[in-house]
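As you go down the protein sequences, you meet chains S and Z in turn. Take the first sequence: its letter number 50 is residue 50 in our numbering, and every next letter is one higher. Take the second sequence: its letter number 133 is residue 133 in our numbering, and every next letter is one higher.
Misleading hints may appear alongside valid ones.
[Unchecked claim] Below, a list of computed lysine-lysine pairs in the BS3-like style, where the Cα atoms sit at most 27 Å apart:
(1) K346(S) <-> K165(Z)
(2) K321(S) <-> K163(Z)
(3) K176(Z) <-> K477(S)
(4) K293(S) <-> K163(Z)
(5) K490(S) <-> K114(S)
(6) K346(S) <-> K163(Z)
(7) K181(Z) <-> K322(S)
(8) K176(Z) <-> K151(Z)
(9) K293(S) <-> K165(Z)
Hints listed in this document are in silico derivations from the structure and should not be mistaken for laboratory results. Note that the coordinates shown come from a computational prediction; the quantities given were computed from them, not determined experimentally.
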Amino acid sequence: MRSEEILDALGSIDDDLIEQVNGLRESKKKRGRRWILQTAVAVAACFCLVVVGGKVWDSFRLGGNPGNLGTANGAGDGETYDCYTGPVFPLSTLEECPGLSAERNIDFDFSPYKTKVENIDGEKWEQYDSKSIITDEYQVKNSSPEEKTVTFLYPVAGSLDNEPEENPVVRIDGKEAETELHIGPCPAEISGAGEDLEELNSWKEYKALVESGYQRMAFDAFPVLDKRVIVYELSQMHGEESEEAPAPALNLEFRTDFKHTQLFSYNFNGEENDYDSGKCSRGIFISQDESGKDEKAYLIVLGEDIKEPVLQGYTDMGFEKKMEQAGGTLKRYECSLDEIFSNIVKEDLAKEKGWKNSDFSDIPIETFISLAAEQLDGEIGIFRKNADGEYYNGSLEELFMNVYSCSRIMYLTFDVKLPGEGSVTITASMRREASTDNAGSIEQRNAYDMVTRLGSVLDFTEQSASVTNAEYIEITKQNFGFAPEKGITKVTLDLKKEHYFMEVQKKLQR
Amino acid sequence: MKDEEIVALYWERDEQAVLQTKEKYEHYLTKISYNILADLEDCRECVNDTYLAAWNSMPEHRPNVLSTYLGRMIRQISIDVFRKKTSQKRRDSEYALSLEELEDVVSGGVSPEQALEADRLKESLSSFLRGLSGEERKLFIGRYYFFDSLKRTADYLGMSEGKAKSMLYRIRMRLKEYLVKEGFEP
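Using the sequences plus the hints, can you model the full thing?
What follows is the structure in C-alpha cells.
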C-alpha cells in the first residue's frame, strides 16, 4: 500500500466528517479547552518571522501583491486578526493626577522590513522581519507650581513568551527608568469575562478587558492553593525496547467518580476517561534514553481518592499487549495542592528552558508559580467542559504553556519626578510584531495598531503618529492618513477616535 | 448569498452562479489547493477547473453544503495536478509532507489486489475515523484531508503543536494496526 492510497480514500469520506472540520477552519474563533486557547494564539505568533520564498530569483513569489486573493474571508476591517498582538496602549498614571497633561507622538519605524540576504546551505535566501520599531513618546507637563512624584504605568499587550526586544524600554528624559512589572491574569480566567475575552482577536476585546477592571486585577494578590490533594507519583520506569515491544509504555489504570473527584496530571502522554463508568487510565512511554531514567509523572487527585489503581506495562501505547518486564514505582502521598504544584512547576521550568529567553521571565520563579496557581485556581471545579462540550483532561503541561503564552496586559510602573510648571519626556521603545491574518500563507496581512486613550487617566492635549523607513513597505489599508509616496509621514490624530491601524506589505526590492 | 441560492443559479444555468461561487469560496478553495501544490499559478488553474467542474456537475448534483462539495473537487483536481507535475519538480507542499508522514502506516508496495481494494479501504478508513474521539478525528481530517499545516491545525483545534504532533503519531500507529487487522498489507 502507498500513502497516496490512504489520502485518496480520505477524499471520499462522508460529508459530515468534513463539515465538522470545515466549520473550525473557517472560524475566526479558535476552539478548544479554555486553558489552551491562548497557547494557540502564541503558536500562531510563531509565523510572524517571515521567511519569504527560496532562491533569490523567485523569492518574493509569496510576498507579492496578492491582488484580489484573500479578500473573501479577510474583511480587512482593521479590527479582527487571527493572530492579534494587541494595540499599543497609551501611557497612564496609577492614580488620577489633576494638573498633568500630555502630548504624544507614536512612531512606526519599518526598517526591520528591509530585505536581508542570507546564505543557507549554499543558497541565497531573502528574509525580512515583520516587526516595527515603535517609539511611543510623551511630553508630560505639570501645570501646578509644586513638584510632584507620580507613579506612571505603561500597559503592554503581550505574553510571558514575548521576545525580549518586544518588551518596552522606558526612558525618562533619555535615561532608562527602573520599572516594576505587574502581570494581569489570563483573560480566560476572569470570572464572568465571557467567551469573547477568552481569546483576544481585536482591539475591542482588549477594550472590553480594560473596561472590566483588568488593571486592578493585575495589582491584586495571587490566590493560595491550600486544598489537600492525593498525589500518585510514578518514577523509576523501566522496560526495554525490542522487536516485540517497539514502544514500551506504562498505563496507570484506575476508577474514579467524576462527581466527586477532579484529576490533574503531569508528564503522561495519553489518557482515557470514561465519564459514565468512571474507568480511567493515564499512559506514558518508557524513556529509552539515559536522561529519561529520572523522569517522573504525576496524577493529582482533588476530592475523593481514586479506586483500584494498577500500574501495567505494555509493549506500546496501544495498550493491548501486556509486557510483564515493564514497570515503575508508584508512590501515593498527601500534601497541599500548593506544595505539589510548586514542585511540578519547578520541575517543568528546569525541563523547559525556553521561558528564560524572555525578559519578563526574569520574574522570580515564585511569581511564575503564582501565575500558574492563578490559572489553576480558575480550572478547579468538578465537571468543567471545554468549548466542544467535552471534559478536559487536567494536563498541567498545557496549563503551564498557557501561563507562559496567554495574551494578557502587563503593566510597567515607574516613578517620575515632575518639576513644578515643568515637563519631562517619557519614551517607551519596543519592536512590535505585526498582527496577522492567514499567517504564513499567500494572503497574509500584517497590521499595526494603537489606541489613543483607552485605559489612560492622563489628559491628552495632542497626539500624532509618524512612519519612518516607509520605503520598505506598502500601506494597503489604514485610517491614519499616511501617504509616504506624497511625503505625508506624520499625521495629527483625532483624540475622539479610539483606534488607529495600518495594514502593510513588504515592498518588493529589486 | 446562501449556498442553496447559488446552487439554484447553477440549476438555472445562470453564469452568476460561478461569480457568486468565486466571491464566496475563492479564498477557501485557493487555500486547499495551495496546501497541495504550494504554487500560486497552479492553484489558480485548479480553482478555475473547479468552477468548470461545478458548472458541469450541477445539475445533476444538488449539494447541501457547497463548501464541502467544491472542497472535495478541488482537493482531487489539485492532487491530480500534483501527481502530473511532481515528476518534473519536487514540491514542498503540505500534501507532500502528508505523504511522507503516512509512510509510517504503509510499506510503499503496490499490488493489483490492493488496487482493487480501494473501495474497501475507503470504508475501513471511514469506520476508523468514526472510532476516534472528536478531537482526534478533527485533527486527522484537518491534516490529511485539508492538508493544513500542523501549526494551523493545532491552532484551530486549540491545542499545542507538540500535542498535535504526538496525537497524530499515535493515530497513525493505531491506523496501521487497524488496517492490518482489516486485512490490508501495510
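Unmet hints by their number, sorted upward, for this structure: 3
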